[in-house]
Amino acid sequence: MTSGGPMLEVRGLQVQRGGRGVLDVASFHLGDGEFVSLIGPNGCGKSTLLLSMMGLLPRAAGEILFRGEDVFSGDRVARRRRMAMVLQEPLLFDATVHDNVAAGLRLRGLGREETRRRVGYYLERFRLGDLAQRSARKLSGGEARRVSLARALAVEPEVVFLDEPFASLDVPTRQSITADLERAIRGSRMAAVLVTHDRSEALRLSDRIVVMNEGRIVQSDAPSVVMNSPVNEFVASCVGMETILPGEVVRRNEWEVAIGVGGQEIDAVAEASVGEQVYCCVRPENVVIEVVNPTLTSSARNVYLARITRVASVGPYLEVRLDCGFPLVAHVTPDSFALLRLEEGKRVWASFKATAIHVIRKRRASAAAAGPAPANESVADGAASTQR
Amino acid sequence: MDLVLDGLAKAIALVVHLDPEVAGIALLSLEVSGLATLVSVVLGVSLGAAVALNQFPGKRAVVAIVNTGMGLPPVVVGLFVSILLWRNGPLGFLGLLYTPAAIVIAQSVIATPIVMGISISALQALPAALRTQILALGATRAQMVWMLVREARLPLMAGVMAGFGGVISEVGASIMVGGNVRGYTRVLTSATVMEVGRGNFDVAIALSLILLGACLAINWCLTAIQQRERPR
Amino acid sequence: MRPTTAAATMLAALALSAAPATAAAEPATKALILATTTSTQDSGLLDVLVPAFEKETGYFVKTISVGSGQAIAMARKGEADVLLVHSPADEKKVVEDGFGVNRRVVMHNDFVVVGPVTDPAGIRGARTTADAFEKIASSGALFLSRGDNSGTHAKEKGLWRSAAVNPEGRRWYQQTGLGMGDTLNVASEKGGYALTDRATYLSLKKSRAIALEVLVEKEPLLLNVYHVIEVAAARWPKVNAAGARAFADFVVSPRAQQMIARFGVDKVGAPLFVPDAGKPEAQLGL
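So the sequence lines, in the order shown, correspond to chains S, C and W. Okay, so the first sequence: first residue is 1 according to this note's numbering, each after it adds one. Okay, so the second sequence: first residue is 1 according to this note's numbering, each after it adds one. Okay, so the third sequence: first residue is 1 according to this note's numbering, each after it adds one.
No wet-lab data here; the hints were simulated from the structure. Remember, it's a predicted structure, so these values are computed and weren't measured experimentally. Every residue gets a Cβ at the ideal spot worked out from N, C-alpha and C, and that includes glycine. Treat the hints with caution; some may be incorrect.
Covered stretches of chain S, as calculated for chain C (at least 3 residues, CB under 8 Å) [unchecked claim]: (1) 50–57; (2) 99–108; (3) 290–304.
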């Protein structure tokens, strides 16, 4: 994927604020075109890490290398101009939308013609064409957010840092803007680091999820690994305890699809096409364990013969791990567990409804392959969503 | 009331006939105060930005001093500047006392704290994250300061108008360091005081009206720049 | 944007046009600082004399008109080159102390005691000012003094002394701290008495019909004599001694004296000053 080392490398970075250590990252790297999501509680150092990688915060120790060069020495501005950052607030200038998007280009001394061309292109990408001459003060929240994204991407950086850019937007707006952003990033070999609290967003967009706590990186893995195999309780609570299963749509029938996972098929309600790679997410509280086969007596479409592999106590209930051909987690009350005489190793029937599955469509390899964006893509994502 | 009408009539007559002495006085007022305002803007905005955008020990004291300076009585400034410029004073060798340059110097001292104080508060009112965003867009520090100044242009312009208004209307410093020498350092304000002292009230009122008219015209231009045609 | 850019460039141009004007400092030898009094300046005489002098000699005169006290203080500090004042006691001291040289008489005008037409203290036509002042004091009539250490104020204090009256702190004695014109305006408004030079009174009466009349005049103590004094270069080397000499010589020259004699006739109907250059002191009744 990358030639030579990673594009961005962080080693032993320590940052202090007010005499206190706020960041202690032993190692972090970012490859060309890689999309990394950064999740963690407020104050865990996510924004600090982003600012440090741009060379905007002084460090107490460690080094940050961008394409092998130390970010803190040499021509820092020239290096910074190969990156871009979007903050939580749009922070637009008191000028027109066009002038805002052109700001980064003008700072770099790009010629008038080239600037106009690029601004026009990115305004289109973010569906802001009609608003080019509108004053930034007169934009809605969503429009302002699009402008700040267009402004960052217009400089065509090698990496873009996004610090919760979609916070406080309503769901439809958020999903629409995220889709535009995704398409814009897909169209280039831009790497991205996205700080987010939205797990489905992280799942859908990322090649890798990094979980942080108290200034340290706790886990850094592919999304399904982080989700399914959280390294500790903390990560588990961050990502939410649910089963996430990668699979491929093998059949569809109106609103229903059958997804092949681990040799089995899962029926779900989603608008995905045959051949698409998706994630199926099942919440543990939606999984029912029975000792007799419920296929003919239950409305649940997904019924599997399973073996209990592990039982653990989690607060007021029990977490029962099952193997159905794919891993599954169920939450059961201790009373039910006792009543059914369940125990590790026992064979049982596990079931969950097709409507209880949240299907996340994986980001496509390239925008061209996907063709024009389906108009209600965001609706499909939200239709089966029961989480948040 | 007749007096004011007499004055108005006289003012119109003086302006229409382009009375050379009055024209000279008016032009000198505008030039001297204009130059002083220009100096105060250059110094005030750059120093104000330096103070507003940096952390350093004693910053609060500096801002307090600047804010106090905004209310400096012009006559006090005039007294101290004239003490400096006296022939036998520390800067006497410059031979600047009783010249228009001396008035420009004194008025610059009066206007600079005003512009600086307003610049500091205007820049501090900008969101702190804006600085980060501008740097993240790839700005050098100089470009960042320029962009912040542009963002704060509304209150900064008000500061310029306050500075200009403060000096074109002051009389204490103008008389002390300028000497009100006819045809050389006589400005609208010092001429008005002199004419009142002589009992020529109509001329005094005429000069006052011309001063007000000039102020109005200048501030009209500055306000136009401040409120310039905003896009839809 | 364009009209506003035009406005901005206009303002900048206006401001910058001042730069050459202010930067052009006149050559040091050709500039001269004349310290004189506000009443002298206000009479308008200098607006005639100074341009004539400048034209004749090429000097550039900066006329700084302040109170007599300040003018003399400027001479003592070497901040002026030549004095034209009318405060004999202080002038003599300046010369004695070595700060002033070549004190020469130039002209005189006279003071008059003015007051309201009703003349509540009944001083009209008094033989001496001392008499008049005694009457004012005993009747407690309102009297406005300049109170600013000017030549006029000095004169007034001398007259009170001659009347053996100390008006300081008395309720009817009010000090304005202002120039002659302003003080007369106040006297007119409040119906009080004042001591003034005739020239200021006449020009004020012409331009603004103040409600004051001349009540006491033409007695020796009311003479207001002007002298020109050059500031001693020996004490203050930076003084423009040549310029000071040139100016002093000019004001006592026949040409200037003629101008002085004619001054005021067209404005107020009578000459405002009497030229005295060359006359011995005794003749002036001092």
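Now for the hints, and whether the structure bears them out:
1. 50–57: holds (count 3)
2. 99–108: holds (count 4)
3. 290–304: violated (count 0)
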